[in-house]
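**Q** Sequence:
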Amino acid sequence: MSLISDLISNKIEANKKIGLYREIPKINPARHDFKPHSNKNIIFKSKHYKYNLNYNTEFINLATNDYLGLSSDERIKNAIKKAVNTYGTSTSSSFLIYGHSDIHAKLEKKLCEFKGNYENCILYPSGYQANIGVIKALSDISPLKTFIVFDELSHASIIDGILTSGAKFKSFKHNDLNYLSNILYKHRDYEIKIVITEGVFSMDGDISDLRGILNIAEEYDAVSIVDDAHATGTIGNKGGGSVDFHAVKPDILIGTLGKALASSGAFVLSKRLIIEYLINFSRAFIFSTGMPPTSAAASVEAIDIIKKNPEIIKTLQDNSRFARNYLRQCGLNILNSSTHIIPVLIGDENKAILIEKELLEAGIYLKAIRYPAVPKKKARLRLGINTSINITDLENALKILVNTYDKQT
Numbered sequence: 004m005s006l007i008s009d010l011i012s013n014k015i016e017a018n019k020k021i022g023l024y025r026e027i028p029k030i031n032p033a034r035h036d037f038k039p040h041s042n043k044n045i046i047f048k049s050k051h052y053k054y055n056l057n058y059n060t061e062f063i064n065l066a067t068n069d070y071l072g073l074s075s076d077e078r079i080k081n082a083i084k085k086a087v088n089t090y091g092t093s094t095s096s097s098f099l100i101y102g103h104s105d106i107h108a109k110l111e112k113k114l115c116e117f118k119g120n121y122e123n124c125i126l127y128p129s130g131y132q133a134n135i136g137v138i139k140a141l142s143d144i145s146p147l148k149t150f151i152v153f154d155e156l157s158h159a160s161i162i163d164g165i166l167t168s169g170a171k172f173k174s175f176k177h178n179d180l181n182y183l184s185n186i187l188y189k190h191r192d193y194e195i196k197i198v199i200t201e202g203v204f205s206m207d208g209d210i211s212d213l214r215g216i217l218n219i220a221e222e223y224d225a226v227s228i229v230d231d232a233h234a235t236g237t238i239g240n241k242g243g244g245s246v247d248f249h250a251v252k253p254d255i256l257i258g259t260l261g262k263a264l265a266s267s268g269a270f271v272l273s274k275r276l277i278i279e280y281l282i283n284f285s286r287a288f289i290f291s292t293g294m295p296p297t298s299a300a301a302s303v304e305a306i307d308i309i310k311k312n313p314e315i316i317k318t319l320q321d322n323s324r325f326a327r328n329y330l331r332q333c334g335l336n337i338l339n340s341s342t343h344i345i346p347v348l349i350g351d352e353n354k355a356i357l358i359e360k361e362l363l364e365a366g367i368y369l370k371a372i373r374y375p376a377v378p379k380k381k382a383r384l385r386l387g388i389n390t391s392i393n394i395t396d397l398e399n400a401l402k403i404l405v406n407t408y409d410k411q412t
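All residue numbers for the sequence shown refer to this note's numbering, where the first residue is 4 and numbers rise by one.
It is possible that part of the hints are untrue.
[Said to hold, decoys possible] Simulated pairs of lysine-lysine, DSS-like, Cα-Cα distance not exceeding 27 angstroms:
1. 360 <-> 176
2. 310 <-> 109
3. 252 <-> 148
4. 354 <-> 402
5. 360 <-> 380
6. 84 <-> 109
Hints were generated in silico from the structure; no laboratory data involved.
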């Protein structure tokens with residue numbers, strides 16, 4: 004035990020030296036109106052990063068994935084309260100043992116309609132489990148005869164699902180259709196071929212060339228899987244994500260409820276046969292406690308709000324466009340972002356952490372993203388534009404960001 008303890012300690016110390024050490028911010032759960040900041044309420048306590056966050060503090064939150072600002076909406080809160088009174092707080096078991104309630108069934112039906120009229124839906128406890136559960140289950144049909152190709156910028160949960168699948172795999176260069184086509188051609192003799200990409204890429208903020216990818220997948224008789232976690236509720240005229248934006252329909256669409264849909268958990272949409280197979284063979288589904296009814300109720304209400312108020316989607320998109328244009332005009336490198344996720348490339352990990360800390364002191368909360376979430380020496384600040392921030396506060400925050408960036412680079 005002493006040897007492994009020493010090895011662990013050495014790895015932790017090494018991470019501290021190169022700017023990759025992490026702590027969980029301690030946050031007062033009372034929340035959550037974001038207003039122009041006053042420095043006096045920031046609490047500096049954390050041993051290494053010297054700050055704690057208090058949601059009662061007035062700061063501008065650009066770290067959240069609550070893109071539509073619905074997680075604190077009174078309608079969502081009331082839906083959760085009603086669900087607690089009706090169903091309690093937990094399913095307390097796997098769906099296959101306990102069953103799922105009418106609120107879960109209602110959410111499944113709404114998701115099928117909202118995301119392009121899919122035939123059926125299955126709910127997972129998290130997006131991570133959904134990706135692993137789907138990829139592993141499909142590969143288990145015939146691992147030695149399965150080939151998986153995926154965009155090189157795919158989320159860690161996709162990569163982990165592939166690594167556990169036992170199937171042969173290869174990544175294709177980001178959004179490079181020729182590269183994808185060449186890979187599939189070389190592996191055309193595999194019985195089962197799977198193509199995986201994201202709708203909106205979580206660290207670069209750009210959109211997949213989905214129509215082209217699906218055309219190639221169809222040409223090689225490959226199953227298409229799209230992770231729509233950051234696209235759901237944010238792109239398309241109605242917020243329907245990739246299906247809405249591209250007017251296409253992947254074979255399998257995966258998404259989370261913990262971002263624009265103001266809840267937690269995940270969903271998988273596909274044909275009835277695929278969902279039936281996952282119910283029976285996806286271990287991540289079978290051996291996990293089912294999504295709480297409160298989460299289902301919150302996302303049912305969120306979908307209804309989006310449908311009745313599509314202007315919130317336009318507000319998010321307009322504010323995101325303003326932020327991207329502003330940062331580009333000021334000379335910052337935001338890669339190829341075309342959405343509400345805007346990276347500001349810094350490069351050096353320690354410098355990114357320093358800028359993050361200075362911005363927090365100025366009342367702006369956003370995170371420095373470092374390896375392994377992005378490649379080494381590709382550290383960046385990741386802005387999550389959200390409708391909780393009005394355009395005046397957003398512009399002020401961007402000015403502070405640019406000034407801080409210029410000072411440190």
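**Q** None of the hints should be skipped; say for each whether it holds.
**A** Here is how each hint holds up against the structure:
Taken as a hint, the residue 360 and residue 176 pair is broken in the structure, with Cα atoms around 34 angstroms apart against an allowance of 27 angstroms. Distance check on the hinted pair: residue 310 and residue 109 sit about 15 angstroms apart at the alpha-carbon level, within 27 angstroms; holds. Between residue 252 and residue 148 the alpha-carbon distance is near 25 angstroms, which keeps this suggested pair within the 27 angstroms criterion. Between residue 354 and residue 402 the CA atoms are separated by roughly 19 angstroms; this keeps the pair inside 27 angstroms, and the hint holds.
Under the criterion of a C-alpha separation no larger than 27 angstroms, the hint pairing residue 360 with residue 380 is consistent with the structure, at around 19 angstroms. Straight-line distance between C-alpha atoms of residue 84 and residue 109 comes to about 17 angstroms, which keeps the hinted pair within the 27 angstroms bound.
Hint check: a violation occurs at hint 1 only; the rest are consistent with the structure.
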